[in-house]
Amino acid sequence: MAADVGDVEFVVRVIAQSAVENEIYFGDLDSVVGDGDFGYSLARGFEIVLEQWDTLDRSDAGTFLQKVAMIIAGRIGGTSGPLWGTAFLRAATVAKSRDVIDGPAAVEMLSAAIEGIKARGGAEVGEKTLLDALVPVRDDVATLVAQGLRAQAVLDSAAVTARAAAEATTVMQARRGRASYTGERSIGSPDAGAVAVAVLIERIADQWSEREAARAG
Amino acid sequence: MAADVGDVEFVVRVIAQSAVENEIYFGDLDSVVGDGDFGYSLARGFEIVLEQWDTLDRSDAGTFLQKVAMIIAGRIGGTSGPLWGTAFLRAATVAKSRDVIDGPAAVEMLSAAIEGIKARGGAEVGEKTLLDALVPVRDDVATLVAQGLRAQAVLDSAAVTARAAAEATTVMQARRGRASYTGERSIGSPDAGAVAVAVLIERIADQWSEREAARAG
Amino acid sequence: MKKFVNDPKQFVPQMLRGIALANPDTLRYVPEYNLIMRADAPRQDKVSIIQGSGSGHEPAHVMTVGKGMLDGACPGDVFAAPPMDYVYESVKLLASDKGVLLLVNNYTGDKMAFEMAQEMSSADGIKVQTLFINDDVAVEDSTWTVGRRGVAGNFFVMKAVGAAAEAGADLDEVVRIGEKVNSVTRTIGIALTACTPPAKGSPLFDLGADEIEVGVGIHGEPGRRRAKLVSADEIVDEMLDAVVPDLPYTSGDSVALMINGLGGTPISELYLLFGIAHEKLAARGIAVRRSYVGEYCTSLDMAGASLTLVRLDPEIDALLDAPAEIAYRVF
Amino acid sequence: MKKFVNDPKQFVPQMLRGIALANPDTLRYVPEYNLIMRADAPRQDKVSIIQGSGSGHEPAHVMTVGKGMLDGACPGDVFAAPPMDYVYESVKLLASDKGVLLLVNNYTGDKMAFEMAQEMSSADGIKVQTLFINDDVAVEDSTWTVGRRGVAGNFFVMKAVGAAAEAGADLDEVVRIGEKVNSVTRTIGIALTACTPPAKGSPLFDLGADEIEVGVGIHGEPGRRRAKLVSADEIVDEMLDAVVPDLPYTSGDSVALMINGLGGTPISELYLLFGIAHEKLAARGIAVRRSYVGEYCTSLDMAGASLTLVRLDPEIDALLDAPAEIAYRVF
Ligand SMILES: Nc1ncnc2c1ncn2[C@@H]1O[C@H](COP(=O)(O)OP(=O)(O)O)[C@@H](O)[C@H]1O
Ligand SMILES: Nc1ncnc2c1ncn2[C@@H]1O[C@H](COP(=O)(O)OP(=O)(O)O)[C@@H](O)[C@H]1O
Ligand SMILES: [Mg+2]
Ligand SMILES: [Mg+2]
Ligand SMILES: [Mg+2]
Ligand SMILES: [Mg+2]
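If you read the sequences in order, they're chains A, B, C and D.
Residue numbering for the first sequence follows the numbering used here, beginning at 1 and increasing consecutively.
Residue numbering for the second sequence follows the numbering used here, beginning at 218 and increasing consecutively.
Residue numbering for the third sequence follows the numbering used here, beginning at 435 and increasing consecutively.
Residue numbering for the fourth sequence follows the numbering used here, beginning at 766 and increasing consecutively.
Treat the hints with care, since some could be wrong.
DEER-style ranges, computed between Cβ atoms [said to hold, decoys possible]:
(1) C:Arg660 to B:Asp271: 45 to 55 Å
(2) B:Val342 to D:Gln894: 30 to 40 Å
(3) C:Thr460 to D:Ala1087: 43 to 53 Å
(4) C:Gln478 to D:Glu797: 36 to 46 Å
In silico EDC-like cross-links for lysine to aspartate or glutamate, where the CA-CA straight-line distance does not exceed 16 Å [said to hold, decoys possible]:
(5) C:Lys443 to C:Asp459
(6) C:Lys443 to D:Asp998
(7) C:Lys443 to A:Glu47
(8) D:Lys774 to B:Glu264
(9) C:Lys443 to A:Asp60
(10) D:Lys1045 to D:Glu999
(11) D:Lys774 to C:Glu672
(12) D:Lys774 to B:Glu429
Worth flagging that the hints you see were computed from the coordinates, not collected in a lab.
Only a predicted model underlies this, so the values are computations on that prediction, with no experimental measurement involved.
Note that CB positions come from ideal geometry on N, CA and C, so glycine has one too.
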């Protein structure tokens, strides 16, 4: 009952690096109807993850994810710290119960993360939050995994789904988070959190294929 | 020993109206290296002169000028109140000693005003103040009056002299007033007070000729 | 960006260091957790009061720590709720036998960080309660929204609970007082310009030369609607029309009136607004008995102001009257 | 122009009315002369202290009237010295048997208005003396210049003479103290933006997005030179290099350090500057014993700050320490 850290470590690293690289972009997204700190908060937190990278306990995927989750929950400020931290924590709990992190495990981890975000922040789908990207992604991944597709194919599809879902938040009115204070004015621009999810999944799909190519080459 | 108020009243009224009309322009001149309040200060003071116009004692030119001077000295703020007030007060004293306000009287009034400004503010010619317009004007008027020229000719010449003198302040470095704090940066724009003197004298010359035309017509 | 700043990432720590250096006898700075605390805290005979929120609202809350007000303030980065660890560690450092009161301005991020920290410190055996401040009338308050924000009115809650705690009230009593003051406090904010977070370096929104934002909060997010800039008289009318009917404040009431600057508006304009509001309230039969004019809860360098009313009764009046000594001071 | 204002010509009177309404028990407003005075003044057993200057520097000086500081402040319009009549009438209203001290920030206009008023009131038999404040090191001081300006350092002179007068000192003694404090006080100002006078409606000068003005005064006129915007560390170095050698302040000195906001800069940035200056002074062997961070003498909505040092001795320390109650306050 101790899944290898391999793919999990790879995915976390891509997320952490992308969050740091997209600090300005994510912040700009959040300044349309929010307060502009989203990129800054994520970047500062994931910077700590990268700083402590080599010292993180990687005896198994669950433990590793839990360590990452503790940093995120404890050290990222704003709304994102508790939400992302809870998501990682719930995913870690699933990972701990698995011998191997395969497609079905990934689906379960995504579902646990989503439930964690809902529980922590009280949001539902349709309220213009990162859930509006995450939930369609989880559904898509669940279907493709059930169909037995390979990881790369699943990821490529997830990236397309995430992007479309993020863009679909444009017409929604924010009902959660700071953007909700602007009422109807939140309509007309996509949710920063949802776009971030799309960017991160696109990046994971991308890097995954590069890794495959490198391994093949 | 009581000069008729006629021409003096006319000139004061032109000055007062022009000061009010040029509030913004004079203020803009003062904001290049000063603090932008020159037009506002003059306008507020001369507004009071115009408001009280009908009640001002005009039994003779000297008394009339003194009343005007009291308003200016007492109610105009900034540097201009004490300076312009003193100038008018000194001119009033000269007027009081005269039976008629003719060319020579005007020259003496101008000289007294200049001495008053120098005494009150400590400035000399060449320090980039309104003295750098007033003193050349006085000299020019003195010469032309001595040559026996008519008032209109004297005024037209004074207007040209004042304008040239005001423009000549551009190359000077301010040594008095707030503009002096900027040191060498005061070079390159004309002094607000000197330009104001030019504008007022041009206006007097103008209105004088209109009045002559009206009387003739 | 025109700011006095070195590395924007060091903006908050360097500000906090300044606060500590200016108040060496009364305050302590704990850099690990962005914590500014009273040098003599925790005192076991007194409820400890902690407030956290994003930075950028100074003097709130890091400059209102001191005798008679907060025991500690643990801010996050600019406009970002403090990380949960900071709150948790602050609670542990300030734990008192009489309990700890957490003041939270009812924003999702702050709420979650403080809730998580309260859970964890309760598990450690620390007696903790949380009080949410939500005085902003610009936000709709219904079951499907996140509820109203805490804005400049938080000053009155801090002041009242601080005075009560200083006088030895127990945790339940301090909470009762805080809830009571919050319940009679209402605020509306108007912005003339957007603000510029140091790390972003440019204004958070564009506002035309003749436009204002009505119903802004304190985080640089836009308000409820955009309007044309009008005279101070009309702005005060708009503010009073939003605030007065909300509680409502009625003829015969005595109130505290606060005109709070949002950071970029000079105090001359604030006093001008105050005078107008005072007279317009008098015309409605509402008597201003306590006055607060200046900056209490800002949004960085935003030009603008908020208007807060607190309905007074003898108990609240006495608590607001009690002395306090904080870093935000004149002398 | 983005300001809370009705008719710009009513800007100053409406602000003054606000001050009076906020302090009904302690202050009186005499609209005819723009005068804000202590409600209990003049007291015949105490020297009366009056300061006038242009408006736009609030809280200076109309918000520093009160017990332990000024007896009256008679401002002119924005950036314009008060008309002579206002000063003269104010002196008459505040005349005390112990005499009247006029504080003047050494600007040509203020100087002339106060000199004329002093002449006239002396002729009326009132005992009057005038003290000029000139702490600004940015201005050359020589026989052919108008001399240095009074800027934010005037706060310390007001505070010290106010405390001395409150304690019953006679006029000569109050003057001695004022001159002494002025002689050990030095200030330098840096602007990040120009300011906008209400009656003008547009900024007084243009400053590029990456430019600052070094050595600005408090009237919106440009400074001694334009420079590139640099880090807060470098700005503090520039300020200290201008101020420290001027007196000079030397190793072993104890000082009061004031970081004064010019109107548009939030207190977070001021505390950041304070912390940096405190440490850099310590490195020069100069100990900061008293701290003043906030707005004391502004230039409307100008973003920027000034740094003031006062060399302390036990006498000055005690006078700065004495209590005072003014309209500029937190509670
Ligand atoms: N209650 C919530 N539940 C789920 N996601 C939320 C919630 N509130 C905000 N979010 C997400 O968080 C993003 C903003 O994060 P961040 O900028 O860190 O928060 P803050 O509003 O505190 O500044 C939003 O774009 C949205 O996707
Ligand atoms: N000491 C002085 N003597 C004569 N004229 C002066 C003196 N100081 C200033 N001035 C004149 O006054 C003008 C500025 O007036 P004003 O704006 O009212 O003064 P302030 O500098 O107080 O704002 C200058 O342009 C200059 O012509
Ligand atoms: Mg945000
Ligand atoms: Mg001027
Ligand atoms: Mg935020
Ligand atoms: Mg002026």
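Here is what the structure says about each hint:
no., hint, in the structure
1, C:Arg660 to B:Asp271: 45 to 55 Å, "49 Å, holds"
2, B:Val342 to D:Gln894: 30 to 40 Å, "33 Å, holds"
3, C:Thr460 to D:Ala1087: 43 to 53 Å, "19 Å, violated"
4, C:Gln478 to D:Glu797: 36 to 46 Å, "59 Å, violated"
5, C:Lys443 to C:Asp459, "27 Å, violated"
6, C:Lys443 to D:Asp998, "15 Å, holds"
7, C:Lys443 to A:Glu47, "12 Å, holds"
8, D:Lys774 to B:Glu264, "12 Å, holds"
9, C:Lys443 to A:Asp60, "34 Å, violated"
10, D:Lys1045 to D:Glu999, "11 Å, holds"
11, D:Lys774 to C:Glu672, "23 Å, violated"
12, D:Lys774 to B:Glu429, "37 Å, violated"
The structure fails hints 3, 4, 5, 9, 11 and 12 (numbered hints given earlier, in ascending order).
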